[in-house]
Amino acid sequence: QDIRNTVGNIPMEWYQDFPHIGYNLEGKRIYKPIRNKDELDMFLEKMENPDYWRTVQDKMTGADIKLTDEQVDLVHRLQKGQFGDVHFNPYEPAVDFFTHEVMIHPVTNRPADKRSFIPSLIEKEKVSKLVHAIKMGWIKPRKPKDDTPTYYDLWAHEDPNSILGRHKMHVPAPKMKLPGHEESYNPPPEYLLSEEEKLAWEQQEPAERKLNFVPQQYRCLRAVPAYSRFIHERFERCLDLYLCPRQRKMRVNVDPEDLIPKLPKPRDLQPFPTTQALVYRGHTSLVRCLSISPSGQWLVSGSDDCTVRFWEVCTARCMKTLPVGGVVKSVAWNPNPTICLVAICVEQSVLLVNPCLGDKLLYGATDQLLESYVAPEEERVQPVQWVMATMEEHSKGVRLVIQHSKAVKQVTWHGKGDYFASVVSDNSNMQVLIHQTSKRWSQNPFRKSKGLVQCVLFHPIRPYFFVATQRYVRVYNLLKQELTKKLMTNCKWVSSMAIHPGGDNIICGSYDSKLAWFDLDLSTRPYQLLRHHKKALRSVAFHKHYPLFASGSDDGTVIVCHGMVDNDLLQNPLLVPVKVLKGHVLTLDLGVLDVLFHPTQPWVFSSGADGTVRLYT
Amino acid sequence: RRLCILKGIYPHEPKHKKKVNKGSTAARTFYLLKDIKFLLHEPIVNKFREYKVFVRKLRKAYGKSEWSTVDRLKNNKPTYKLDHIVKERYPTFIDALRDLDDALSMCFLFSTFPRTGKCHVQTIQLCRRLAMEFLNYIIASRSLRKVFLSIKGIYYQAEVLGQPVTWITPYTFAHDHPTDVDYRVMATFTEFYTTLLGFVNFRLYHSLNLLYPPKIDGQADVELKPAEGKEYAMDSESYLEKLSALSASLARVVAPTHEDEVEMDEFPVEGETAEQMDARKKEQDALEKHKKLFEGLRFFLNREVPREPLAFIIRCFGGQVSWDKSLCIGATYDVSNPSITHQIVDRPRVEQQVVGRYYLQPQWVFDSVNAKLCLPVADYFPGVLLPPHLSPFVTEQEGDYVPPEKLKLLAMQRGENPGDGRLRDEESEEEDEEEEDDNDKEEEEEEEEEDESEKEEEMKLKKMEEQKTQSNKALPVKVTAGKLRLEDRQRLEQEQQSEEKRLAIMMMKKREKYLYKKIMFGKKRKVREANKLAAKRKAHDTAVKEEKKKSK
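Going down the list, the sequences are from chains W and S. Numbering follows the UniProt record's numbering, in which position 110 of the first sequence is assigned residue number 110; successive positions increment by one, without gaps. Numbering follows the UniProt record's numbering, in which position 551 of the second sequence is assigned residue number 551; successive positions increment by one, without gaps.
Keep in mind that the hints are not guaranteed to be accurate.
What the hints assert, rightly or not - Simulated pairs of lysine-lysine, DSBU-like, Cα-Cα distance not exceeding 30 Å:
| id | chain 1 | residue 1 | chain 2 | residue 2 |
| --- | --- | --- | --- | --- |
| 1 | S | LYS526 | W | LYS143 |
| 2 | W | LYS534 | S | LYS52 |
| 3 | S | LYS509 | W | LYS486 |
| 4 | S | LYS146 | S | LYS282 |
| 5 | W | LYS492 | W | LYS439 |
| 6 | S | LYS52 | W | LYS175 |
| 7 | W | LYS135 | S | LYS64 |
| 8 | S | LYS513 | W | LYS492 |
| 9 | S | LYS524 | W | LYS249 |
| 10 | S | LYS146 | W | LYS126 |
| 11 | S | LYS81 | W | LYS175 |
| 12 | S | LYS47 | S | LYS17 |
| 13 | S | LYS47 | W | LYS135 |
| 14 | S | LYS532 | W | LYS145 |
| 15 | W | LYS177 | S | LYS292 |
| 16 | S | LYS549 | W | LYS210 |
| 17 | W | LYS168 | S | LYS47 |
| 18 | W | LYS265 | S | LYS17 |
| 19 | W | LYS262 | S | LYS509 |
| 20 | S | LYS408 | W | LYS262 |
| 21 | W | LYS175 | S | LYS532 |
| 22 | W | LYS177 | S | LYS517 |
| 23 | S | LYS408 | W | LYS249 |
| 24 | W | LYS143 | S | LYS60 |
| 25 | S | LYS52 | W | LYS210 |
| 26 | S | LYS64 | W | LYS535 |
| 27 | S | LYS52 | W | LYS135 |
| 28 | S | LYS146 | W | LYS210 |
| 29 | W | LYS210 | S | LYS81 |
| 30 | W | LYS124 | S | LYS74 |
| 31 | W | LYS249 | S | LYS7 |
| 32 | W | LYS177 | S | LYS408 |
| 33 | W | LYS210 | S | LYS215 |
Simulated from the structure, these hints should not be mistaken for lab results.
In isolation and in its complexed conformation, chain W is listed as follows:
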């Protein structure tokens, strides 16, 4: 059987799917030997054929070939790594062709070259180049190894001079925080985070966390794993060391008790009102304003329910109710004890009312005084109209009506009881008017408007007149008819103003919950700015005799302060809050609307948005 491979050295896979491999000379196919053995046949053959192990398939022809004994032997030898040829001896004795011993005769007979006798030019050139390079310093000789020890006593001579200014300026980096109990591998159980705390911890920003790890408990040291952020933390420390700006910070180390100023005890500053004594009920709406008779027996209050009520102070009895047909903005009792007269602002008019309370002689005299008016011959042009009350009104007690062109905000009496001033809510120069009762005569003191006037006030002794606009308080001399001073209140919106009976100090309450105390002799700026209230101040008041002043605010409290003014001008006034009076109920976000002191007793009245007037004694 001599079937040659006719296809040549090509990958045999190409013929895998064909029944033949190549063609013979006649162009007929040379068929592969038929291989239709399945697994079972193969197995049977493997079991039965003793020569199966030496049967190999020839890839070139696809025929099975049985290897001969020599071939099997060759395969074995090659597998062992031996030479294929059996007769080849790898360990033949070595023949020393060229002896290592030096002979006296040369191996060849050739004469020596000339170049072995003369110096080499190339070498010379190279050497000269090197020499030149060394000369020029291009090639440096090998540095000698310095054998100084790496470590030695660096601080052997500590030189005090070496401490430079730098070291004094140096801000040493703060040390790492030492670990607390919660960092322990086995912390007390209270330091472990509960579920919700853990959740909160996870939701926090890494920079915001108080602990940069979750406390965990392990039963034994063996169970503690490596901390995965160890390298991170060292790295962050490194970054802190060289990138964090450093600054010396002075830590305030004060006992908080030391910060509290040492003030005289309120107990030593008595008398001052401490408790609520009486509540005057009757009004059905906000009680806007209060006033008290100079004797201290009667109290008048004006309210949003369009009535004015007269009370007896000691009994809280409502003596009289006067319906006025309009919201009462302001009431003022004539400070002259011989005259019994109340000025009431109702919308566009000011009513002068004789309440007919108390001594009959007194109010009779008042009536007489009012009726004794004789109209002047020549009628003068007046900014307002003075009208006598009608009979009906007269029976109620109204004596005179002064009709303004616009709504009236405030009315205030001069200390003597003849003049009074009224404030009109207007933008023109007609905002402030001064009236004289006895002559029924009014005048406009200002030629120009200087802003929205909030309230006005007469100086108790001297002929000064205070006008509070939104931010400033202007002091006018009425005699000289000039501006004397302009006080800066440092507030946004002044609400009320009161003057010390001595006349040298003023307090201003403002809607931005500040109370400014001015010393007129000292400066035009507040001597002290008190921020006691939490909400807007509505009114402030001074006591006539006692060194007390009070402020009422929207937060429903009245704060009574002790304000001692010495006769000695060198001494600064001493301001001490002595009592916070509470009682008014907040309604419509309004608390206390007006405060007022009793003229003789250390009592304070307050009227509130809850429709009551309260007396604190």
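Given chain W, work out where chain S should sit, using these hints.
Okay, now just chain S, sitting in the frame of chain W:
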């Protein structure tokens, strides 16, 4: 950047940020001009430049494959030293000691790095050597004070020449190296720190009359040699290993004379009363006692406990320590040695127990060191639920929360026996039960105490709340005269006082008021946190108790 790290230049926070930053308040870092000028004069700048040039030349030579040039360049590799910078930054030795914390932590971290990648092998080896040398110094001088097992690693605090030095070592596991860390920065820091630590070590060794580089004491060396000499062929390597075994004492320049315990001469300081002197002496005695805490005890470390920290700590306090010979070089005696008094074990149960020694969990060593006395061993037997491990670095101020374990410990330090049976037999179960009862009683007592303290705290809280409400809400103006008489005087007085205080607070200046409010807020927060912890503890205790009851 490298220069800044080496020279210790850091940015400054300007006083007027706007002024410096041309009106804007954006976050920027500011260096002092002076500092930058100072950097310019540094001679090492030139060295760095030379090195840069060298690297460039080398790269070029490699590119052209001029091997002779490469050789020549490598021979002339420029080097620099940081000695003068160390000296400049720390003009006195004490300054250097003060800044040692970070250096040590960094060296210990780097010494645990794998030998491949991340940084040079030499650096790692150097770090390892220096760290080991430092540990040996601490052992020799017995200056370790506090140790703490935290979840981050092990904190040590030593007192070196009067300066507290604290460092942290990670647990000996492979690190998973984070990718967002710039190792070059760390390497620069380490470069400086190794220099610093080397000099500090030199000086410290010399202060104790020890040889530097350290040599293991002659006789100990002889003992070790025959056993280990064969396995460790390389001498240099075995030297470091032996050193790190921490078991042998070091050779001294001057032969150690055992008269170290000379009584300290007393120099009466002027203006110091006898009491102060007494107190100082007492402190000194306590310190001496602390140093000899484990004197005379022989420990054996089982193979599952971390060998290095424990060996270090035990040796620091005068104990003798050994371990399995196959675990590490330097073991001095065997498990079967009958003179062993304590065996440190960290497995739930010990199969073969030898009579005459305590089997303890490693926490005992740490807690004893922190408590400055050998704690009763009963709580630390293998398999027992360990008492909490407290941080020795916390000193509770008044008002802070103190865990009950700490109170117990403080009482023990004062010398009161808390009733824990010290002489308890392991076998007798009856006693065990009794003791449990004892413990229960104790706990109850404690709880009572706690309750009392809590009551007090509650009272305080109430008071504070009252104050708050008073300041916020209505004054008792509605109280009629008749009722007033009924109320006790004390309360009235208190109210008056608090009112006075409030009025006074009203009169404070704006700035002071702000400060006052801040301080008070901080105080209140502290109280709140302490209360929270106490409440948690109480809840936990009751839960545990209930469980106990149920199980009974």
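Q: List in ascending order the numbers of the hints, as given earlier, that are violated by the structure.
A: 1, 2, 5, 6, 10, 12, 14, 16, 18, 20, 23, 25, 26, 29 and 33
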